Amino acid sequence: MLLNEFLLLGAALFAIGVYGVLVRRNGVMVLMSIELILNAVNINLIAFGALHHTVVGQVFALFVITIAAAEVGVGLAIVLMLYRNRSSIDLDQIDAMRG
Amino acid sequence: MILGATMVAQHITFGIIAAIVIVGALRVVTTNNVVHAALWLVAVLSGVGGSFILLGAEFVGVTQILIYVGAIVVLFLFGIMLTRAPIGREVNLTGSSWPMGLVVAIPIAGVLAYTLIDAFGTDHIGNDTRQLTAQVSDTLFQNYLIPFEVVSVLLLAALIGAIVLARKE
Amino acid sequence: MENFLNHWGLTLAVFIPLIGAALMMVIPRAREDLHKWIALLTSAVVFGVTILIASYFDYDNSGQLQFVVNRSWIDAINSRYIVGIDGISLPLVLLTALIVVSVVIYSWNHWPDPKNPKAFLILTLILETGMIGTFVAQDLILFFVFFEVVLLPMYFMIGVWGGERRLYAAIKFFLFTLFGSALMIVSFIALYFLAKGPNGQPLNTFSMLELNNAQGIAHTTQLLIFGGMFIGFGIKVPIFPFHTWLPDAHTEAPTQGSVILAAILLKLGAYGFIRVAIPILPEAAESWAPWIALLAVIGIIYGALCCLAQTDMKRLIAFSSVAHMGFVMLGIATLTTFGLNAAVMGMVAHGLITGMLFYLAGSIKERFHTLEIRRLGGLLLQAPRMGWILGFCAMASLGLPGLAGFWGEFPALLASYNPAEGLSEPLFRVYLVVGALGTVFAAGYLLWLLQRTAFGVPKEEWEGEHFHDVEAPEWIAWLPLLLLIVVIGFFPNIVFHVTDTAVQSALSGVQTLTAAK
Amino acid sequence: MNVLAFTAPHVDYHALAPEIILTTTLIVVLLVDLASERNRALLGTLAGIGLLASMVPVLTLAVDGTDRFVLSGNPSYVVDNFALTMKALFIVAGYIVVLLSTNYVAEGDYYEGEYYFLLLTSVLGMVVMASSRDLISIFIALETLSIPAYMLATWRKRDPKSNEAGLKYYLMGVFATSIMLYGMSLLFGVTGSTVLVDISASLGSGTTPIVTLGIVFCVVGFAFKVSAVPFHTWAPDTYEGAPTPITAFLSVSSKTGGFVAILSLIFVGFFGQHDVWEPMMWALAVLTMTVGNLIALRQTNVVRLFAYSSIAQAGYILAPLAVAGELSTRQESLSAVVIYLLIYAAMNLGAFGVIIAVARKTRSAELESFNGLFEYAPGLTVVMTVFLFALAGIPPLAGWFAKFEIFRATANAGTGAGYVLAVFVGINSVIALFYYARVAQAMWMQSAPDGDRTPVRVPPALVGALGICVVAVVVIGVYPQLVAKVGDMATFAFT
Amino acid sequence: MILHWVWLMPAIMATSFVVILLLGKRMPKKGAEVGIAAVGLCFVIALLSAGSWITRVNDASGGHTVKEQVATAEEHGASEEAAAAEVEEAHPPVQPVVTERNWFESGGVKFTIGTLVDGLSVMMFIVVTIISLLVHIYSTDYVRGDRRYTHYFAFLSLFTASMLMLVMSLNTVQFITSWELVGLCSFVLIGHWFEEKPNSDAALKAFIMNRVGDVGLLVGMITLFWAADSFDILKINTLANSGGIDHLVLLVAACCLTAAVMSKSGQFVLHTWLPDAMAGPTPVSALIHAATMVVAGIFMVARLYSVFFHGLSIGSGNTNLLAVIGGVTVIGGAGLAFVQNDIKKVLAYSTVSQLGYMVMALGVGAWTAALFHLFTHAFFKAGLFLGSGSVAHSVHSFDMKEDMGGLKRFMPKTFWTFAICTVALIGIPPLAGFWSKDEILAGGHELGVHNVYETFMIVGIIGALMTAAYMTRCVYLTFFGEPRGAAADPHHHPHESGPLIVVPLYILAGLAIVTGLANFPWGPDGINLRFEYFVQPVGDYFPTLGVITFNPYVAVFSTLAGATGILLAYLYWFRGAFHGATSRNKAARAGYTVLLNKYYFDHLYTDIIVGDIKGPIARASYWFNQNVIDAVVNGVGVGSREAANFLYGTVDQGIVDGAVNGSGFGAEGTGQLLRRLQSGKVQQYGALLFGGAVILAGILVFTL
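Residue numbers (numbering that gives the first Met the number 0), protein chains in the order written: chain A, 0 to 98; chain B, 0 to 168; chain C, 0 to 516; chain D, 0 to 494; chain E, 0 to 703.
Chain A on its own, in the form it takes in the complex (with noise of 0.2 Å):
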């Protein structure tokens, strides 16, 4: 198998990614397109891992994989915490401090 097939659909995945975090509204949905960078990560470290046949790759996606977990976690209780205060995760309208 050619490494760049892997490597491209990660570089895909990262661009997707950050394009989602950049124009999605929705707190929510800015995590998901979180978690696509993160995957576009993993799919390198793990493509790498085979090319140069060490297990390190996988350590280090697990390593990705639960650090993304907690991110998430925190993540979504911040979200929660902001909805409750403003009703609402518009990030749009999150600018009370600027300048």
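Just so you know, the hints here were simulated from the structure itself, not pulled from any lab data. Remember, predicted model here, so these are calculated numbers, not experimental data. Beta carbons: idealized from backbone N, C-alpha and C, even for Gly. Don't take each hint at face value.
Have a look at the derived ranges for each label pair, beta carbon to beta carbon [as the list claims (entries may be wrong)]: (1) C:74 / E:703: 33 to 41 Å; (2) B:91 / A:84: 20 to 28 Å; (3) C:426 / E:551: 52 to 60 Å; (4) D:416 / E:247: 54 to 62 Å; (5) D:416 / E:663: 22 to 30 Å; (6) E:662 / C:426: 26 to 34 Å; (7) D:62 / A:1: 22 to 30 Å; (8) D:106 / C:113: 27 to 35 Å; (9) D:416 / A:52: 39 to 47 Å; (10) B:136 / D:456: 56 to 64 Å; (11) D:455 / C:112: 18 to 26 Å.
Chains B, C, D and E: place on chain A using the hints.
Frame of chain A; chains B, C, D and E shown alone:
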């Protein structure tokens, strides 16, 4: 002969997986329905998991399915419900800022693609890419012991913090 | 005794004020008299120490650094605590100590609002540390530190106790000086890395003594480094066109602040040229000299003309400083022993005279509550003694022979008739003539000031008002200065004798350069 | 294919002691909090003691002085002078933050136990960061110090500002992390290893596009942490919204954490690729200090002003890295950065301490609220003045030496770029003075709003914190040799 | 030997200054007594020093033999050259007495301080001390009851001190110092009544215009210093004499110094301050602005004569700067004196014109003549001023037209002394003015090749005529005719002044009569030409000058000129001749009868002279003076003020300062702009983050 067959098979499977992933991802960031987005995300994550297995990292692939599909997406759905995002069709999930998104995302894609192709033009991944899960655990507990321990603390912290933040007063 | 002085004299002179300040910090603000006495005592002790140093000073080779102390300070950057005093520093150190004492005495019953003597006197003492430190530091970094130490106290003096536009003036003063010193420090560091010893090994030191006549710096680099210092010191002097902070600072500062500014702070810059820039980079100095001289004479005329335009007494005196420091810089730019002597003399004289003028402005303001020249007049009738003193100082300031001011201006002009080898004679002679014309303007604005403030009859608004003439604290604070103006006027040797050999050693670099030519 | 036997790695517990103590402390804090509702006051003290305790092994290790692998034969987690210096810095800074927090947290009803728990976790992450020498450890350390910080930033739950602060911090943090991870994955892909020494070995010198991309993305992740322009945007909003002690924590500890990571990456990981990161650092430094200072000129909220000030400061700290690529300049630059970080910690924590103290009375961080402080709180005013002008770099306050070291390091390269950078730093420090002076002006030269002269009561904990900082600033300023020595010693082993 | 102790004089006066300033107010006579005592002492010392100088000269030239030679030379009426030779050898060099102490040292150059005593300085001692003494005494009455009585005397002392210092100064630095100090005193004393603005204006004008000249002084002296590598006047002179200094340098120096002369000695065009200076108390005008300070310029030229002589190549007999300036001043000053109504102004302009004589004389090389005229002029001009003061004392005004007239009968003593001095000034033999002025004319006549200097003799004679005329007018308006204004005030008639005022007048009048004999041209040896003999230096520090012998023709001619002047004036004012068109004919007839019909040219002659000089020329020159020269001077002042305003208002506050503040605002503006980046929208932050990352990466990837 067999080799060739497996190669073909691999290519075909990869093609399918890639298609699912890309399409799913695009839908995730474009659909105007929150729940659909979550479901499309499931597709993407499963696809990625599949590609892991294709690369011979079964353990990680399985973990991926379990954690993401099993846990994280559920979390998302909870989040969606708790934040009362309208379940039905909704028009303005994507802000007016989508051109900005493109302006940033496309160059990224370009740069990444250029460098990747430039670097690994036609490198092949050997066919036998399978590694024993035991190796994974060994490396984890031999070389990455400390990060592993730290992650446990981190998860605890995330847990407690999340509870504090999310709980009602 | 002498032994003790050798090891501790300068260090004491520098740090005793801090001890006093620390002591005052812990004493509650309410006990004003106690604060006054402590401040007075401290400054008096410092003055005593400097006198002692002067008395044990070996005048026969005033070119040598004396009372040198060389202790390790920041080994990491090979910068050491080196203090020493020679013929150039000595007069300035004495002047500083004297002025501070007189300022403290003057403050006895002159408190700019908001009163708070505690803070005011503490700042004064910190200032003293910075000023004396700058004059005795022999290590570039130490010099830099002391050079900067004076900024904060003066900033607060202007900003807290100043006049109408004090905020503007204070920050302006601060920003200008800081800008200069930023470039200055870069130059110092460049010296640290680039200067090479006689046999080509890099010196990597900040000690001025070792850096003197440093070799092995490309000419253009030298020019740049000198340029950095030029801006650093030039802003402090101030040289035209970096002078604009000065009128504001002087005008807004409280009397004591203006006195210290005029008498000492301005000297730091010129001193820097003599002590640091010229000895270390004689070659660059020679290339820069014509331009410095040009700016100097521009400053002389320009400052004088601006004086003529002033309607505020204090501002007028401030601009006169620009003109006078112009003479000092002209003297320095000639790169001759004559010129440098003149410069040091000019600094001392300007310190005493302009200091006095600012004192007078302060006392006048205290009585008339204004310095608007057109509202003043008839001072000689309402407070004759003060009027006469004003006249005296005006005369001294316009360089009347027989008073200190003359010995700053005349030798400077004399020197610029034929400057050091390698400097264009015709050019400097033109400067000489222009500078001489400056003296006419000086007479013009000072006498004009005198006429409008001291002569004539009081304006209606002061009709019949009685103003108390010079009071005890004022007398005590002023007499030493006035006497010195006369004494130095008649025996310039007091200064020249001290500086003469010292400036020769400061110029040794230039001389070897010309000798090589 | 036979299963290879697992051999448990030998752990050097002495080297690991600080982390262990910290971990136990944070668990104890958590348990105590759960156990009793009453003695909340205990928690802060407990956390403080724990931090001080974890300082002990650091000192013993410093005395012992040998550089060591924590896991035998594994260069991915080491204890060397650099690590020790930074650990010490993190722990002390953490201690001061605890002091700053004590009354703040106690008086506005917050979740106290969890607060300290998260704070300690974050400190733990930093301490780990100091020793991490491989991509995974660095990544984990980064997350460990970040994730609690995200939550602490939004700790004032009912305050929408605080939420907003947390959210922005969180999202930007996650974005940055993802970029960094992608970079790391590339580096791993090129070298097949995550251990920095191996990476540098296999990268050698010179670079290829893929390596460049990897390095840039990696560094960007931490450029975000140190709030370098253009990755700084979160800082002002977060600093303003977050609880002030946390702001102090972010502006000092987490920023330092970012720098530690950058240092280990470029000095250990890809030193050979300096022609990639040198220009990058140059651009970042210039941008950061200039933009930070210029925007700061227009701020009217002190905390926000300090946010921009700390951005600008980050710019100064980045400057030496722009010329650190040569073996001749490497050590100079490293020690310059370390020294700056040490001094900066003292100055900034102190400043925030005063802000907290003043806010206790004025309940505001607007610049006006500082007017006439000198009239009713001369002590605080003087202390604040000290910190302000230390930050501005006026001798004889510690800041001057930090700046001086920057000048020295940049000039040391002897290149045009270096001197230009030095001049940039010079001019910027002048611009900076302007807004620092504005705060001083408000305190000294304005009169108190509606003549309210009631003095400010400063609780002992705060006094302690301020005391430590002031003493440090003044002493270091007068005798910089103290830090200069540390800076020279703090070197990487095993590169 | 007393000549080594002359420094005592300034010392004494300085002490008296300090004493009066500090204790004066507490003294019975408010400090006046101290001043008088001090000056008296100095006068004694001056006399002693004069005596010992005379003996010194005599000893040097070793007794009678020499003088006999001189005598024989005279008797045989040998040719001038011969006589010159005789006189030269008859008068061997007399080294001046030098006392020198180190003052200070700078840049390897020794600055010394000391006294240089030779005939010139001794002569000046006499003049200064006598006049100062008399003025002191006179003032005790004149300014009695003045609110600043004590300060007045204090500064009289200071002035005397500095003036004595000036004339005995050994080197140029010392010279400059005292030169400025006398200027200061003049400033203070002119502004004595500073309550009125005109007075303080006058004071400022005096000081500042002198400053202008001082620029020349400074530059000139500096030039000389570097040329001779010394401040020592003797050394400079010697070098200049021996050609040790490049001629160009000398020329430059001389020209620069001439500027100083112009300002200090009120030469055209820097003279305008002098008339204004009359705002000061009259005794001050007598002392400072007639007798002593204003001649400082003359003295300087005399002192550094070698410099001027060679620098302006006076010896070559070509016209030169000094001579021309002097000439112009003679006529200009005299012309101006015609149209003044303020008696002091008349005298002031007369002083200007007389100083013009001296400068002119120096310009043509008649050194002795100039100094001799200085000597005599000091006395009778002081006398005139004090006389006018005495008049003003009684009528409380200086306006001749308004408040005087017919005072002769009220104050005869004043009148007679004034008259004597006037005659002396006009130069009617045998009074002082005659001898001295005559020598100048003779100098003009005899010196120089091809008698280029004849011109200046003509100028001198015209000047003499005009002098005579305006002085007569002055006397007439003051003392004759009907009393006017204050003089006619019935309530209190003008009264003769008290002894303290009159006695000095007597003395001065007496001196005005006798001093002329000091350089009496004939007579037995030991009597004749004593002044030249003792005063004119001989030695390598002084150029060899042509000898001037008394020239009867010149003498007669000048006397006639004077007489004519008086006569015309007499006719015009006393007899009211020449008034209107008809009066012209009367004048013709009068001239006819007086001059015993000399072909009618006198008609034309007198007509033109009187008519024009009194009319257009004088008015024109006065107009020129007020509207051009003065205007220029004031204009310069105003102009610089305007320039200053512009410079300060626009350049300093606008541009220089503006630039700085501008950059400040610029910075803030940019800051404001950059704040837009901080939109508060997290996703835009994100865009910046990712965008920044990819741009950085892109640039590096594609460039490296």
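For each hint, the structure was consulted:
1. For the pair residue 74 of chain C and residue 703 of chain E, the beta carbons lie near 40 Å from each other, so the given range of 33 to 41 Å is met.
2. Under the hint 20 to 28 Å, the C-beta atoms of residue 91 of chain B and residue 84 of chain A, about 22 Å apart, fit the expected range.
3. Separated by about 58 Å at the C-beta atoms, residue 426 of chain C and residue 551 of chain E satisfy the suggested range of 52 to 60 Å.
4. About 56 Å separates the C-beta atoms of residue 416 of chain D and residue 247 of chain E, a value consistent with the hinted range of 54 to 62 Å.
5. Between residue 416 of chain D and residue 663 of chain E the Cβ separation comes to about 28 Å, which falls inside the hinted range of 22 to 30 Å.
6. At roughly 32 Å, the beta carbons of residue 662 of chain E and residue 426 of chain C sit within the given window of 26 to 34 Å.
7. Evaluation of the 22 to 30 Å hint for residue 62 of chain D and residue 1 of chain A yields a failure: the beta carbon distance comes to about 56 Å.
8. At roughly 33 Å, the beta carbons of residue 106 of chain D and residue 113 of chain C sit within the given window of 27 to 35 Å.
9. For residue 416 of chain D and residue 52 of chain A, the Cβ-Cβ distance of about 43 Å falls inside the hinted range of 39 to 47 Å, so the restraint holds.
10. At roughly 57 Å, the beta carbons of residue 136 of chain B and residue 456 of chain D sit within the given window of 56 to 64 Å.
11. The hinted range of 18 to 26 Å is satisfied by residue 455 of chain D and residue 112 of chain C, whose Cβ atoms lie roughly 24 Å apart.
Checked against the numbered hints above, the structure violates only hint 7.
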